[in-house]
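Chains A and B are the protein sequences, given in the same order. Quick note, our numbering runs 9 ahead of the 1-based positions in the first sequence. Quick note, our numbering runs 26 ahead of the 1-based positions in the second sequence.
These aren't lab readings, by the way, just hints derived from the structure by calculation. We put the CB at the ideal spot given by N, CA and C, even for glycine. Certain hints may be false.
Pairwise CB distance ranges (calculated) [what the hints assert, rightly or not]: (1) A/R101 / B/H244: 37 to 43 Å; (2) A/P138 / B/A169: 39 to 45 Å; (3) B/A169 / A/A192: 38 to 44 Å; (4) A/T93 / B/W217: 56 to 62 Å; (5) A/T93 / B/A147: 55 to 61 Å; (6) B/L39 / A/P138: 24 to 30 Å; (7) B/G187 / A/A176: 34 to 40 Å; (8) A/G153 / B/L68: 28 to 34 Å.
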Amino acid sequence: MTATTAPSATGDRARTAAAPPVVSFTGVNKSYGTVRAVADLELHLHPGETIALLGPNGAGKSSTLDLLLGLRTPDSGRVEVFGTTPQQAIARGHVGAMLQSGVTGCLMEGVTVRELVRLACDLHPHGYPVDEVLERAGITDIAGRKVNKLSGGQEQRVRFAFATAGASDLIVLDEPTTGMDVASRQTFWGTMREQARQGRTILFATHYLEEADEIADRVIVLHRGRVLADGSSAEIKAMAGARRISFTLDGPPDEAALRALPALTGLDVSGRTVRMRSTDADATVHAVYGLGLYPRGLEVAGLGLEQAFLAITDAATTPEEAGR
Amino acid sequence: MTTLIKLEILRALRNRKFMFFTVIYPSALFLMIAGSSGKTDLVPGTRLSMPLYYMVAMASFGALTAVLMGNSERIAKEREGGWVRQLRLTSLPGRGYVMAKIASAAVATLPSIVVVFIVAAAAKGVRLGAAWEWIALTGAIWAGSLVFAALGVAIGYLASGDAVRPLTMIIYFGLSILGGLWMPTTTYPRWLQNVGDWLPTHAYAALGQAIELGNAPHLKDVALLAAYLVLFAGAAAWLYRKDTRTA
Numbered sequence: 010m011t012a013t014t015a016p017s018a019t020g021d022r023a024r025t026a027a028a029p030p031v032v033s034f035t036g037v038n039k040s041y042g043t044v045r046a047v048a049d050l051e052l053h054l055h056p057g058e059t060i061a062l063l064g065p066n067g068a069g070k071s072s073t074l075d076l077l078l079g080l081r082t083p084d085s086g087r088v089e090v091f092g093t094t095p096q097q098a099i100a101r102g103h104v105g106a107m108l109q110s111g112v113t114g115c116l117m118e119g120v121t122v123r124e125l126v127r128l129a130c131d132l133h134p135h136g137y138p139v140d141e142v143l144e145r146a147g148i149t150d151i152a153g154r155k156v157n158k159l160s161g162g163q164e165q166r167v168r169f170a171f172a173t174a175g176a177s178d179l180i181v182l183d184e185p186t187t188g189m190d191v192a193s194r195q196t197f198w199g200t201m202r203e204q205a206r207q208g209r210t211i212l213f214a215t216h217y218l219e220e221a222d223e224i225a226d227r228v229i230v231l232h233r234g235r236v237l238a239d240g241s242s243a244e245i246k247a248m249a250g251a252r253r254i255s256f257t258l259d260g261p262p263d264e265a266a267l268r269a270l271p272a273l274t275g276l277d278v279s280g281r282t283v284r285m286r287s288t289d290a291d292a293t294v295h296a297v298y299g300l301g302l303y304p305r306g307l308e309v310a311g312l313g314l315e316q317a318f319l320a321i322t323d324a325a326t327t328p329e330e331a332g333r
Numbered sequence: 027m028t029t030l031i032k033l034e035i036l037r038a039l040r041n042r043k044f045m046f047f048t049v050i051y052p053s054a055l056f057l058m059i060a061g062s063s064g065k066t067d068l069v070p071g072t073r074l075s076m077p078l079y080y081m082v083a084m085a086s087f088g089a090l091t092a093v094l095m096g097n098s099e100r101i102a103k104e105r106e107g108g109w110v111r112q113l114r115l116t117s118l119p120g121r122g123y124v125m126a127k128i129a130s131a132a133v134a135t136l137p138s139i140v141v142v143f144i145v146a147a148a149a150k151g152v153r154l155g156a157a158w159e160w161i162a163l164t165g166a167i168w169a170g171s172l173v174f175a176a177l178g179v180a181i182g183y184l185a186s187g188d189a190v191r192p193l194t195m196i197i198y199f200g201l202s203i204l205g206g207l208w209m210p211t212t213t214y215p216r217w218l219q220n221v222g223d224w225l226p227t228h229a230y231a232a233l234g235q236a237i238e239l240g241n242a243p244h245l246k247d248v249a250l251l252a253a254y255l256v257l258f259a260g261a262a263a264w265l266y267r268k269d270t271r272t273a
């Protein structure tokens, strides 16, 4: 990539939110030693949203979730969940959470799936009946098994049951489908959609971009502990330059002229081949003809969220890296 | 919270390895050590016969095993594996996890004490002066095990997954042997006896020995155990808070 425009609009989109936010991060900072995991984070999640938290490893996703769940306290700034502290919100049963599984397995060894789910139902102030929770998580058939004798995907579903054992208003999931095969992943998100339809707010961290694309109605891209982009997945793609345009010219291209094309967000010229990214492919291509050029083998293709995501994080990294 | 306590007890009783080491092992050791000695053989330096001495020693040892071995390793592993974090995301009060651990250890302790008594009474014909002494003995050993339950929790929060087993083993065997649970400390060199006298296990076994002789436990032993309880519980509470802040 030889040219990129810096992504603009970060932070919250203007929302006509009648209800108070479910989660509010105000100027939150968290460092581990010299590593700044979360930097001046502003984040407001609204009731009923399904939000994907995206970011490369070390972007601050897990730290953000830890702060949200009160597992860590911020160095400065304020984290509010349902208008109170995370601990209080959890004690009142507002939040159901499923963490990333540890290396050595995370459940209570030596008890059965049913016993573990019953524990979760009993602990929740508004717990559901055990059988209902088992059924919804699709683990009725393995209810008699010991939790330490499960496959990775089964364990994830048990952990999901544990997180959704009661009537919580916010469900937080840290990389929930890790270790699941494609079929159980689909079932899992089916269940999640059902939860969202009941008006729950769902926040999940993932590195599967197609999940964010398909499931979330809001995508937040984190990078180095900051919000890099925040919007619908369509908006995120547009922000990165949603269309790829490529063609070949008869003669050597005039780079300066190409760079001045409208809606252009990226330009790469190698020999007589031109590759561009654009937020408005129609306008860009029209202007190419307007220059009197005759592009051969013209191709216009959509950009997946994955490429959009790479483009955004790349753009945020490059200037800083160059400055070092 | 009662569900968690019930589950902790249930899985302790289900764990065959754990039940073997806490129930069968102390009784078997009792039979092996006290088996060849007669009823009238006195333990050097005491007024107790070999079977009497070893009955209390092994009941205390079994109780020690039950409260120390199970909890320290479980807590360290569950802390590392994320189960403790997951529980913190429920409405369970913060101390609930540790309370359940101690409660389940307390329940698992009872069979290890009672089985040693039954084996001693049946196989070696051990009799005490009065029926209440059996009850007092059980009560004293049971209550005393709380000191080591606190120690187990402290170790669980101090050590990480790999280090916890060797650390527990060193403390466990050190306390058992030097405190006189395996053999009377009267056979040790003088300086080692002096060290042993100040260990919680020594005071722990002394509780039962005093009752066997028809006396109340010595004030010094009770005070020493109480001091250790304060120390271990304080350490456990401090380590627990430290862990909660950084988890």
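Here is what the structure says about each hint:
1. A/R101 / B/H244: 37 to 43 Å: 50 Å Cβ-Cβ, so the 37 to 43 Å window is violated.
2. A/P138 / B/A169: 39 to 45 Å: Since A/P138 and B/A169 have Cβ atoms about 40 Å apart, the given range 39 to 45 Å holds.
3. B/A169 / A/A192: 38 to 44 Å: violated (55 Å)
4. A/T93 / B/W217: 56 to 62 Å: Given about 59 Å between the Cβ atoms, the range holds.
5. A/T93 / B/A147: 55 to 61 Å: holds (59 Å)
6. B/L39 / A/P138: 24 to 30 Å: holds (27 Å)
7. B/G187 / A/A176: 34 to 40 Å: The hint (34 to 40 Å, Cβ to Cβ) holds, given that B/G187 and A/A176 are roughly 35 Å apart.
8. A/G153 / B/L68: 28 to 34 Å: Given a distance of about 55 Å, which is not inside 28 to 34 Å, the answer is violated.
The structure fails hints 1, 3 and 8 (numbered hints given earlier, in ascending order).
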